[in-house]
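Enquirer: Sequence:
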Amino acid sequence: MSQPNKCWIDQHIDVVFYYLRKKSKLRSMNQYRYITANCLFISYIKNTYERYYLANDDDLISTQKHIDRASVASIYKRSITNIIKGLEIRAALPWLLVDDVYILVNCRGQFHWVLAVVELKNRVIKVYDSSLGSRKKAILFEIKMLSKMLPSYLMDSVFFEKIERINFVDCDAYKDNNYGSLLEAQVLFMVEFAQDIIQQKNCGLYVATFTEYLSDQIEISLVDFLPEYLRKKYGALLWSYGSEKAKGAYVSENDDPPKPKSVVTPPPEEDLVHVV
Numbered sequence: 004m005s006q007p008n009k010c011w012i013d014q015h016i017d018v019v020f021y022y023l024r025k026k027s028k029l030r031s032m033n034q035y036r037y038i039t040a041n042c043l044f045i046s047y048i049k050n051t052y053e054r055y056y057l058a059n060d061d062d063l064i065s066t067q068k069h070i071d072r073a074s075v076a077s078i079y080k081r082s083i084t085n086i087i088k089g090l091e092i093r094a095a096l097p098w099l100l101v102d103d104v105y106i107l108v109n110c111r112g113q114f115h116w117v118l119a120v121v122e123l124k125n126r127v128i129k130v131y132d133s134s135l136g137s138r139k140k141a142i143l144f145e146i147k148m149l150s151k152m153l154p155s156y157l158m159d160s161v162f163f164e165k166i167e168r169i170n171f172v173d174c175d176a177y178k179d180n181n182y183g184s185l186l187e188a189q190v191l192f193m194v195e196f197a198q199d200i201i202q203q204k205n206c207g208l209y210v211a212t213f214t215e216y217l218s219d220q221i222e223i224s225l226v227d228f229l230p231e232y233l234r235k236k237y238g239a240l241l242w243s244y245g246s247e248k249a250k251g252a253y254v255s256e257n258d259d260p261p262k263p264k265s266v267v268t269p270p271p272e273e274d275l276v277h278v279v
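For the sequence shown, this note's numbering assigns the number 4 to the initial residue and increments by one for each residue that follows.
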């Protein structure tokens with residue numbers, strides 16, 4: 004990770020996303036603002052999208068092949084809904100507890116990483132693309148898939164029915180003067196491109212760094228992006244975390260601080276006496 008001019012791959016970015024999830028999870032519940040998805044999330048979206056929208060040979064294949072495809076798609080679908088519910092990936096939180104979800108998106112045809120920030124309350128996917136200035140501005144295929152598939156999986160996971168924190172029916176982004184409520188599986192999320200961001204070629208490092216800045220509510224248009232410093236910073240931090248875990252013999256989530264034990268205060272004796 005710390006070596007200059009080396010492209011980061013999904014494992015590098017994924018481990019940074021993991022520690023950002025842990026940082027978010029260590030806040031108190033009323034301070035939760037974001038969660039990160041793992042690098043496989045967009046792959047699950049892609050595989051289910053291809054099954055439902057790009058399988059043009061359905062009329063030509065056998066019944067068994069249909070069953071096999073449906074079985075595989077159901078596995079991906081279950082993984083997506085589990086991640087939305089805060090399951091399946093380490094240090095996760097249910098999406099209903101946060102405002103924003105940071106999703107790592109690999110543009111396979113261009114060997115390029117972008118960051119997709121799902122602003123749940125605003126029904127918007129904001130795209131942070133470090134090379135947008137060097138090519139034609141267009142919505143990437145992977146972002147189109149996410150925009151189209153995400154509403155369905157939010158509905159399937161009964162996300163919009165959990166109104167303890169946000170009642171989405173009352174949110175302006177989910178209302179339309181002509182069509183009424185936009186809380187429907189077929190209503191796509193809007194897509195916006197982040198403006199005034201640094202343009203450079205270190206796309207993997209860029210995605211990890213600006214996810215961290217956004218999670219800390221830092222205005223990224225004001226940040227000096229110093230790739231070599233950032234590489235050394237992440238390399239040193241992750242080496243330090245790994246060393247501490249090894250010294251403490253921590254495994255998986257064992258290094259999460261323990262939750263405070265509940266303290267039960269017994270009532271006064273007079274409160275236990277019921278006078279008739």
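You may find that some hints are simply not true.
[What the hints assert, rightly or not] Label-pair distances were calculated between CB atoms; the ranges are: (1) I201 / K235: 32 to 38 Å; (2) Q67 / K124: 21 to 27 Å; (3) R81 / K147: 30 to 36 Å; (4) Q202 / R72: 28 to 34 Å; (5) Y244 / L57: 36 to 42 Å; (6) R72 / N181: 47 to 53 Å; (7) D175 / D227: 33 to 39 Å; (8) D179 / N33: 39 to 45 Å; (9) G183 / K248: 48 to 54 Å.
Simulated from the structure, these hints should not be mistaken for laboratory data.
In this text, a Cβ means the ideal position worked out from N, Cα and C, and glycines have one as well.
Enquirer: All the hints need checking, so say for each whether the structure fits it.
Expert: Consistency of the hints with the structure:
no.	hint	verdict
1	I201 / K235: 32 to 38 Å	18 Å, violated
2	Q67 / K124: 21 to 27 Å	44 Å, violated
3	R81 / K147: 30 to 36 Å	23 Å, violated
4	Q202 / R72: 28 to 34 Å	41 Å, violated
5	Y244 / L57: 36 to 42 Å	41 Å, holds
6	R72 / N181: 47 to 53 Å	37 Å, violated
7	D175 / D227: 33 to 39 Å	36 Å, holds
8	D179 / N33: 39 to 45 Å	31 Å, violated
9	G183 / K248: 48 to 54 Å	52 Å, holds
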